[in-house]
Each structure stands twice: as C-alpha cells, then as structure tokens.
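Engineer: Take a look at the letters that make up each chain.
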Amino acid sequence: MAFTNEQMERYSRHIILSEVGVKGQKKLLNSKVLIIGAGGLGAPVGMYLAAAGVGTIGIADADTVDLSNLQRQVIHTTADVGKPKVESAKETMLAINPDITVNTYHEFVLASNIADIVKDYDFVIDGTDNFPAKFLINDACVLAKKPFSHAGIIRFQGQLMTYVPGEGPCYRCVFKSPPPPDAVPTCSQAGVIGAMGGVIGSLQAMEAIKYIIGKGELLTGQLLTYDALKMEFRKIKLPHGDHCAVCGKEPTITELFDYEQAVCGVNYDE
Amino acid sequence: MENYNIDEYADITDVVCPMTFVKAKIALEELDDGQIISIKMNAGEPVQNVPRSIKDEGHQIIKLLHNEDETYQLIVKKVEDE
Ligand SMILES: [Zn+2]
Numbered sequence: 001m002a003f004t005n006e007q008m009e010r011y012s013r014h015i016i017l018s019e020v021g022v023k024g025q026k027k028l029l030n031s032k033v034l035i036i037g038a039g040g041l042g043a044p045v046g047m048y049l050a051a052a053g054v055g056t057i058g059i060a061d062a063d064t065v066d067l068s069n070l071q072r073q074v075i076h077t078t079a080d081v082g083k084p085k086v087e088s089a090k091e092t093m094l095a096i097n098p099d100i101t102v103n104t105y106h107e108f109v110l111a112s113n114i115a116d117i118v119k120d121y122d123f124v125i126d127g128t129d130n131f132p133a134k135f136l137i138n139d140a141c142v143l144a145k146k147p148f149s150h151a152g153i154i155r156f157q158g159q160l161m162t163y164v165p166g167e168g169p170c171y172r173c174v175f176k177s178p179p180p181p182d183a184v185p186t187c188s189q190a191g192v193i194g195a196m197g198g199v200i201g202s203l204q205a206m207e208a209i210k211y212i213i214g215k216g217e218l219l220t221g222q223l224l225t226y227d228a229l230k231m232e233f234r235k236i237k238l239p240h241g242d243h244c245a246v247c248g249k250e251p252t253i254t255e256l257f258d259y260e261q262a263v264c265g266v267n268y269d270e
Numbered sequence: 001m002e003n004y005n006i007d008e009y010a011d012i013t014d015v016v017c018p019m020t021f022v023k024a025k026i027a028l029e030e031l032d033d034g035q036i037i038s039i040k041m042n043a044g045e046p047v048q049n050v051p052r053s054i055k056d057e058g059h060q061i062i063k064l065l066h067n068e069d070e071t072y073q074l075i076v077k078k079v080e081d082e
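Listed in order, the protein sequences are those of chains Y and D.
Reminder that position 6 of the first sequence reads as 6 in our numbering, one-by-one numbering, no gaps.
Reminder that position 74 of the second sequence reads as 74 in our numbering, one-by-one numbering, no gaps.
These aren't lab readings, by the way, just hints derived from the structure by calculation.
Cβ coordinates follow ideal geometry from the N, Cα and C atoms, glycine included.
Among the hints, erroneous ones may be present.
[Stated by the list, open to error] Some residues of chain Y that are not near chain D, with every Cβ distance over 12 Å (derived):
1. E9
2. G21
3. Q71
4. D116
5. A183
6. V184
7. P185
8. D227
9. L238
10. H240
11. D242
[Said to hold, decoys possible] Straight line, CA to CA, 27 Å or less: simulated DSS-like cross-link-like pairs of lysine-lysine:
12. D:K77 - Y:K23
13. Y:K146 - Y:K176
14. D:K63 - Y:K27
15. Y:K249 - Y:K237
16. Y:K176 - Y:K237
17. Y:K23 - D:K55
18. Y:K215 - D:K77
[Stated by the list, open to error] Derived, one-sided and incomplete: chain D residues facing chain Y with beta-carbon distance under 8 Å:
19. M19
20. E29
21. E57
Chain Y on its own, in the form it takes in the complex (with noise of 0.2 Å):
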C-alpha cells in the first residue's frame, strides 16, 4: 500500500518520527482498536486514534448524549444532545478523519455479547465508568488474549494500567473483585474535572499508538496514578497474581459473568 499525497501530508508528523516513520504508520493505518465507552474518557482517545489514522475504530456505548456529558465529554458537542454517543461519537472522529473506518455498538457490553465485540481488534481502551464492566472487560481481555488500557478517573484522580498477555498482572491481579456497592462513590460524591479524561484518556491512546508501532515500554506490571491537586504522578509495580481468578495458574474464572450494577450507577470514572 503507497500512501496517497493526502495521508503523506496528514500524517506527516508521524512519519518524520523515526519510532513511526512509514513502517509504523501503516501499522495504524492496518491496526484495530475498540473503544469501550464514549464519554470522559473514550472521548479523548477517540479523537487522538481517528486523527492518527488508526485504520478500523470500534466505539461501544449504549446511552444518549446528556447536557451534563459536556462538561467533559469533548467528542460530543451541545447539537449532539440526545444522540446516541456511538453515533456523535463516529461523525465527530469521521469529521477529524475521514480515512478511516468507524464501527458502533449501540448496546451495554455484558458477558452475552462481549466476547464477539472484542474478538475481531488488536487492542482493546477501558473506558468506562463502573467496577462491573470493568472486571467483564478484563476478564473478556484475558480470556481472549487481548491487550487492553485500563484506566479510571474520579475527582481529581485517575489512575492507569495496560495489560498484555502474558507481560505481566491483569486488572483483576491487583484489585479481585469489585467493592460492594455501599461502598463505591454515589453520583453526589462522584464529580470530576473535565481534563481528567484529557491527561488519563490520551495516555490511553498513547498506550494503544505505542503498542501498534511496537515502540518504547508499555505500562504493564505498573499502576500509573495521578493527582490533579498535588500534580503527582506515580507509578506503582504491581506484582503478578499467580492465584489470580482469570489469568492466574489455577483460573476459576473460565466463562464470562456479570456483575450486579450499582444502583447509583454513574460512580466511577467515565
């Protein structure tokens, strides 16, 4: 495949990059990535993916776009209100790129249809914004072989990993099972800045771009934490679960199961 003078000039940038160059621009021009969530955080990484030419974009989310999305949901625009956010989704990283292909899934991930969503991409973005998915997500990444960026935000705090098979400890490792629901942050105590899902969602599509090319090193094995207030990074190694329920050397977890939601469900991050 010869690039056109059109994506010669677009991706220009990356191809004067000598860790992309014309090599690993066709790697995402060939690559797939499925995002999981369109708001605080599948927002940014949508944008960044489409405008890198990351060839076939998958967006799952199964609401409407709200007014109270906006405030951080950069992808979806105040016109978009009451669209579904796939769709809002697909036109705004179509507007950015028209290169590239977008496929929607208008629905809920849940253990019924996860696994056939994730099976046809090369890397999977966890944005989304409660503990249930986020275990389905990783157990599905497992068992499926698939690497994924996990990544959660909340107030001003956020916090990211990678997982790619066989590198290292999955999300489930490090945090077992979901906190009972008492426990997790109710909509009143789960505000959130909007940049949050900038800095944390684009270290996502950072993770994806860097794992299509094959350049420099992956955050597996590590929990990369940030606090807004204190402008704090840290990185956090995390050991490798070998009594792991999914990816450990005596699985429990071998079919894919649904967590209870929440009843206040919008808690976590988005």
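Go by the hints and put chain D with the ligand onto chain Y.
Structural biologist: The following block gives chain D with the ligand in isolation, referenced to the frame of chain Y:
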C-alpha cells in the same frame, strides 16, 4: 564510492519543509536494502536539512551534486534498519 548505479529517482522540489523530508523518507521506504536513489532538491533549506535528516535515519549519503539550475541531486544508498 565513485561507482554507483541509480535505481530510483525522487523529486522533492515541489514541497517545503517538513514535507521535503517526509517525501524523501517515503521514497526511501520503497527501496530495498542497498539500492540507490537520486533525490532532486532545492537550494537553501532543503539541501541544508534533508541530507542531514536522511543520514540520521541511518542511510548512506554517497554524493551531493550541484545542478546548473541551482537544484541539487542527493545520491543516497538505502540502509535497512533493524
Ligand atoms: Zn490476573
């Protein structure tokens, strides 16, 4: 290295920085290891920067020829990375 056969030609006189380097890089990508390309470029910024950038990428600069019309021909041997 005086004896060489040119396998490919590229012309980057129709673009400006940084597309000069991008276009040269894409032309080099099309070559096999050891093949030789002649890249036509303008005087000034292109001839000051493009040869240096190509060298930084690990390719071998064989010669820079000054054409009569104030353009240059940069003769480069492709060195495959990795
Ligand atoms: Zn695990």
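Engineer: Is the Cβ of Y:A183 more than 12 Å away from each Cβ in chain D?
Structural biologist: 49 Å, holds
Engineer: Any Cβ of chain D at or closer than 12 Å to Y:D227, or is the non-interface label fine?
Structural biologist: 37 Å, holds
Engineer: Measure nothing beyond the straight line between the CA atoms of D:K63 and Y:K27; if it is 27 Å or shorter, mark the hint as holding.
Structural biologist: 33 Å, violated
Engineer: Was Y:V184 rightly flagged as not at the interface, with every chain D Cβ beyond 12 Å?
Structural biologist: 47 Å, holds
Engineer: Does the claim that Y:P185 lies off the interface hold, with its Cβ farther than 12 Å from every Cβ of chain D?
Structural biologist: 47 Å, holds
Engineer: Is the Cβ of Y:D116 more than 12 Å away from each Cβ in chain D?
Structural biologist: Answer for Y:D116: holds, closest chain D Cβ roughly 36 Å.
Engineer: Would the least Cβ to Cβ distance between Y:L238 and chain D come out above 12 Å?
Structural biologist: 31 Å, holds
Engineer: Measure nothing beyond the straight line between the CA atoms of Y:K215 and D:K77; if it is 27 Å or shorter, mark the hint as holding.
Structural biologist: 25 Å, holds
Engineer: The hint names D:M19 as touching chain Y; please verify it with the least Cβ-Cβ distance against 8 Å.
Structural biologist: 6 Å, holds
Engineer: Hey, is Y:G21 genuinely clear of chain D, shortest beta carbon separation above 12 Å?
Structural biologist: About 7 Å separates Y:G21 from the closest Cβ of chain D, which leaves it inside 12 Å; violated.
Engineer: Would the least Cβ to Cβ distance between Y:Q71 and chain D come out above 12 Å?
Structural biologist: For Y:Q71, whose nearest Cβ neighbour in chain D is about 37 Å away, the distance exceeds 12 Å, so it holds.
Engineer: Could you grab the alpha-carbon distance between Y:K146 and Y:K176 and see if it respects the 27 Å cut-off?
Structural biologist: Given that 27 Å is the threshold and the Cα spacing comes to 19 Å, the pair holds.
Checked against the numbered hints given earlier, this structure breaks hints 1, 2, 14; the rest are met.
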